[in-house]
Amino acid sequence: MNPVHLETLLAVVDEGSFDAAADQLAVTPSAVSQRIKALEQSTGRVLVRRMQPVTATEAGEVLAQAARRMRLLQAETDAQLTGRLARVPLSVAINADSLATWFPAVMAEVAGWDGACLRLHIEDEAHSVALLRRGDCVGAVTREHTPVSGCETTELGVMTYRACASPALAAHYTRADGSIDWAAMPALRYGPKDKIQDGDLKGRLDTPPRNRRISQVPSSEGFLEAVRVGLGWGLVPDQQSRQLVSSGQLVVLDDRVETVALHWQHWRLESPLLTQLTEAVTRAAAATLDPVSR
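The numbering of the sequence shown is this note's numbering, which starts it at 1 and goes up by one.
Among these hints, one or two may not hold up.
[Unchecked claim] Computed beta-carbon distance windows for the label pairs:
| id | residue 1 | residue 2 | range |
| --- | --- | --- | --- |
| 1 | 19 | 119 | 34 to 42 Å |
| 2 | 126 | 221 | 17 to 25 Å |
| 3 | 290 | 28 | 48 to 56 Å |
| 4 | 225 | 45 | 44 to 52 Å |
| 5 | 168 | 206 | 39 to 47 Å |
| 6 | 221 | 111 | 29 to 37 Å |
| 7 | 175 | 112 | 51 to 59 Å |
| 8 | 73 | 167 | 51 to 59 Å |
| 9 | 73 | 213 | 47 to 55 Å |
| 10 | 121 | 149 | 18 to 26 Å |
| 11 | 213 | 126 | 20 to 28 Å |
| 12 | 168 | 58 | 45 to 53 Å |
In case anyone wonders, no lab produced these hints; they're calculated from the structure. The C-beta atom is built at its ideal place from N, Cα and C for all residues, glycine as well.
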């Protein structure tokens, strides 16, 4: 199988279009199209769905994963021969809360690695493993502890979430008896795949009300700010809320907690760079996340 064709397939999948892939590879869009057609002819499979954005078919995903492995191994082989690592994008799937709290320590480590760079895919921790399964990334922060085929899993720790609101919002929706009017108080969601917030009323109300007032803020930092200014209440990780609670800018609404155990899944591959990344991820998580209860 032609390595140039595989690299072209990977560029098309990553960039989402033939034109963008051509720009990255410094060739014409026509050359990209010809390479993809040649690869499809040699494999006897349609490898990409020609839409906007371009996506890989099931067969294309298999080849894209193979291309990523080849790229990483080639770069490390070259490094052993020349003493310098070629530019290697380490594609990682991660949830927004992790990116906003403990993962910056990983970025700081990667910044000191010669030639390496990160390409992050923001995805809910319940869905990030799908990117790993498709071969879109070499590692993923996920809730799923069962390893994807061809991968290994490392336990990272627990993120603990509590219901928080601004003092003014909490006071407005607290009844005379001290109970909270959960049905009426406006709430927040990160996005349509927000599994944490989806169960926010469980144990607080027997029947969730219809037509709840819910705002959607698809950014971890923006979500926290929306809670702080009183747009709604939300489940916020302790790593983000502690200082704001201590300073009186947020209040914790009740004693209930939601916990999410996080795992690091990565390819089972003899790669010094991937091993380095795994060590950086586990160190950063251990320094910030709560330990898993036994």
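Outcome of the hint check:
| no. | hint | in the structure |
| --- | --- | --- |
| 1 | 19 / 119: 34 to 42 Å | violated, 19 Å |
| 2 | 126 / 221: 17 to 25 Å | holds, 21 Å |
| 3 | 290 / 28: 48 to 56 Å | holds, 53 Å |
| 4 | 225 / 45: 44 to 52 Å | holds, 47 Å |
| 5 | 168 / 206: 39 to 47 Å | violated, 28 Å |
| 6 | 221 / 111: 29 to 37 Å | violated, 20 Å |
| 7 | 175 / 112: 51 to 59 Å | holds, 54 Å |
| 8 | 73 / 167: 51 to 59 Å | holds, 55 Å |
| 9 | 73 / 213: 47 to 55 Å | holds, 52 Å |
| 10 | 121 / 149: 18 to 26 Å | holds, 19 Å |
| 11 | 213 / 126: 20 to 28 Å | holds, 25 Å |
| 12 | 168 / 58: 45 to 53 Å | holds, 52 Å |
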